[in-house]
Amino acid sequence: MRAYAALLAVAISGAAAAHGQELSISAQVNKTQVALDDQVVLAVTVTGPQASLPDPQLPALQNFSQYSSGRNQSISFVNGRVSSSVTHTFVLVPRALGQGVISPISVAVGNSRAQTEPIEIQVVRSQAPPPGAEPVQPAPAAPPAGAAPGQAGRAPAVMITAELDKRKVFVNEQAILTVRFYSSVPLLGNPEYVPPKLEGVLTEDLPPLRNYNANFKGRTYGVTEIKTALFPMQTGRRTIGAATVRCQLQQDMALDPFSQDFFDRFFSQGLNPAQTKTIASQPLQLEVAALPVAGRPADFSGGVGRFTLSANVDKARSQVGDAVNLTVTVQGAGNLKALGNPALPELPSWRVFDPVASVSQEKKGDTVSGSKVIRIVLVPRVSGELAIPPITMSYFDPGRQEYVRIHTAALTVSVAPGDPNAAPAVGYTAPSAPAAKGLTRVNEDVIYLKVRPALPAATRWLEAVAGAGPLHSLPFLFFFWVSGLALYRGRLAADPQGVRYRAALRAALKQLQVAQLENDPQKAVALMNDALYGYLADKLGEPAAGLTMRRVQELLRKRQPHLPDPVIACIKDIWEELDSRRFAPPAGDAADGLDELRRRMAALLPDLDQEFKR
Amino acid sequence: MIPAYLALTLAAALAFTAPSATTSPNGGRHVGPDGHDALSEGQRLYDAGDYKAAAGWYGQAVARERRNADLHYNLGNALFKDGRTGPAIASYQRAFSIRPRDPDIRQNLDFALRRAGENLVPPGVPPLLFIAFHLFSERELSGLHWLACWLALLLAGLFVWKGSRRETLLPWTAAAWLLWLVLGGWWLALRLTTPQRSGVIVSASAEIRSGPGDNFSVSFTAPEGRRVQILSDSGEWLEIGMLKEGVKGWIAAAAVEPI
Chain G
1 MRAYAALLAV AISGAAAAHG QELSISAQVN KTQVALDDQV VLAVTVTGPQ
51 ASLPDPQLPA LQNFSQYSSG RNQSISFVNG RVSSSVTHTF VLVPRALGQG
101 VISPISVAVG NSRAQTEPIE IQVVRSQAPP PGAEPVQPAP AAPPAGAAPG
151 QAGRAPAVMI TAELDKRKVF VNEQAILTVR FYSSVPLLGN PEYVPPKLEG
201 VLTEDLPPLR NYNANFKGRT YGVTEIKTAL FPMQTGRRTI GAATVRCQLQ
251 QDMALDPFSQ DFFDRFFSQG LNPAQTKTIA SQPLQLEVAA LPVAGRPADF
301 SGGVGRFTLS ANVDKARSQV GDAVNLTVTV QGAGNLKALG NPALPELPSW
351 RVFDPVASVS QEKKGDTVSG SKVIRIVLVP RVSGELAIPP ITMSYFDPGR
401 QEYVRIHTAA LTVSVAPGDP NAAPAVGYTA PSAPAAKGLT RVNEDVIYLK
451 VRPALPAATR WLEAVAGAGP LHSLPFLFFF WVSGLALYRG RLAADPQGVR
501 YRAALRAALK QLQVAQLEND PQKAVALMND ALYGYLADKL GEPAAGLTMR
551 RVQELLRKRQ PHLPDPVIAC IKDIWEELDS RRFAPPAGDA ADGLDELRRR
601 MAALLPDLDQ EFKR
Chain E
615 MIPAYLALTL AAALAFTAPS ATTSPNGGRH VGPDGHDALS EGQRLYDAGD
665 YKAAAGWYGQ AVARERRNAD LHYNLGNALF KDGRTGPAIA SYQRAFSIRP
715 RDPDIRQNLD FALRRAGENL VPPGVPPLLF IAFHLFSERE LSGLHWLACW
765 LALLLAGLFV WKGSRRETLL PWTAAAWLLW LVLGGWWLAL RLTTPQRSGV
815 IVSASAEIRS GPGDNFSVSF TAPEGRRVQI LSDSGEWLEI GMLKEGVKGW
865 IAAAAVEPI
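So the sequences go chain by chain: G and E. For the first sequence, the residue numbers in this note's numbering are 1 to 614. For the second sequence, the residue numbers in this note's numbering are 615 to 873.
Simulated from the structure, these hints should not be mistaken for laboratory data. Note that beta-carbon positions come from the ideal geometry of N, C-alpha and C, so glycine has one too. Please note that the accuracy of each hint is not assured.
Claimed, not checked - Among the chain G residues that face chain E by a calculated CB cut under 10 Å, a handful are:
no., residue
1, R381
2, L449
3, R452
4, A458
5, W461
6, L487
7, G534
As the list claims (entries may be wrong) - In silico contact screen, one side only, chain G against chain E (beta carbon under 7 Å); selected entries:
no., residue
8, V446
9, K450
10, L455
11, F479
12, V482
13, A486
Using the sequences and the hints given, assemble the complete structure.
Printed below as a string of structure tokens:
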């Protein structure tokens, strides 16, 4: 980076608008006194809170010819805020003796505006060069392009040439384009230079402009040389377009303006009209070769040139949760803007934050070089001697035409347990509960493993109960069953007559079945008698003891008036048959006709029950 | 006789549904595919700082025994130490859903959640109330509720059947029904307040879009580890909602680990 003399530095803030307070502009010149054949380098720096900053507006400079010599921008992101700084470099060539003034240079963003203070530069006579030291350069080998209002057979008054330092390069390898503007006559006003059109090529200006004299075909020219570094991004044949210069010349005149004669010089001034002339260089071809695939390392960073790699930490001792800044610096010649960040090794003991990179370029000896600085915040997770393994990166060296791997030295940081009074680790809010008295909370971490993982028995059983599914219907069924039983039992207790009435037929038929199985005819008759008496007593609500057929008939006719007489007659017939068998057993076999009697009863009782239900 | 019958039925039901008394199908050992004891190997790797490998072992153990809260907890520890906060929170959350009263599980889940900008105890809820409400897991509460149900119905049946002993049975029956009611209400409340489908965001900065596809605009982003409710799915996209923020949107299914 050029070391300016910093003879004058002015930084003036612009308007006091809220946003404008951060927009600023400053201007520096490398000297405030300059010889007529020398040049002044003006650096204008614009800084602001946004990534894209406008170009400064240079005022018209009466006493100087101005040439742009490139711009250098740096952007930084800090805590999510963007700030950028752009330095524009201009080369000023004095045109007249005396006091020259660079008027305030301004820049504006929206309503915000800032400007510099005026800068005064004294232009003095150039000292006579020592004998034999005239800076005359050799004439260009190739016939220059352009035309001049010169005499036939003579070299043109102005001309422009362009040339490359090499015709074949690798992708991203630097080539130098040199454009020379030759002028053998005084120019009216500043010549307007239009750089060549370039596609697929990144450019970097290579200041400063060089001015010297050269002879060509016996004519002396003032030469202005502009160099540009080219970094092709695409392979194949790239065309470098024509560089053009638009200038105003005095038309041919009879009087020689360089004559030593006073009258010639007097009358030659301002008498002839200006002529606008545009001259262009020949287009050039640049062969761009792809980088070899064979042998390309996995950690190839995309860099082409020659680089070195270094790393350091801002502290050798830290503590858990306390950030350590790791700075990785890539330095060397090449297009640093196309260089990727070197990959970090695995750092399990560190919490690694996103890197922040900045590029600083220098242009010395027609070579773009500089450094790329990557800053990474590391927060140790654990205490101990924590190592940061070597960081590696590979680049392609076009001189050796091979990939080169470089690496940093291993670093070690001694990490102590965290300070309980220090801020917690980034991104984590420590619990507010203070440590107990006498204890010092160093750091918080997850609690250790469960050494004997097991599912407690209570949990297993409860989950088993939860998964029982349809079995859970059992208690409900039990409850409803018990409730039904209890209800029935209650009803029995509340209405014994009704229970007897409803159960009469079933009890009678059951007794008949018992009687059928009885071998003793007398006992069987007694059972059948009990069945008939019991049935009629239950149905009529009378006690079985003392029930007579007459009473039965009375009650049946009273309570069941619709009962047919044959049914009553049948009852009476069976009643009497049973009485007869009970009190006067038949001679012979007592079982004779007993089955028939039982069947008649079994047929009668259901029919009679149906009648009772009517 | 009836109570004896009911008790016998209950015991038979539990014997039919209860799992083995051992902690794993291998009698307490979690043997990996190559014969190593998964737990011992996982612990050894964890102690050696190889958290990724430890997580692999614990993942195998969890796959064989999904209802073991301790295994989920250990898996969460290994994932967390490996820097995978989202999957770690998912594992801790599973452990918490199985055994929420374990203080270690609560502590580590809360610790990991705070990394994702959340807290285990919702803002405004007294911590003690939260701990009491989550004393039992949902399945444990379900089991307790059914046990109370069996007890209440048994005592109610006795109360109805044994008319002569109703004075003695009345307070016990009333207490059992009250217990059933309380546990049933607790279980219902826990079910209603716990999303039936939930998940954890496991990608570093997940983009939640307005529809199920990359062609829909990004509505908002969510950090890794944020717990979300899964509302529906459509192919490889899930519709998620975040109750705390009151927003919902669609996210790639791969960015969410269901719990």
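> In ascending order, which of the hints set out earlier in this document are inconsistent with the structure?
Replying inline: Violated hint: only 7; rest satisfied.
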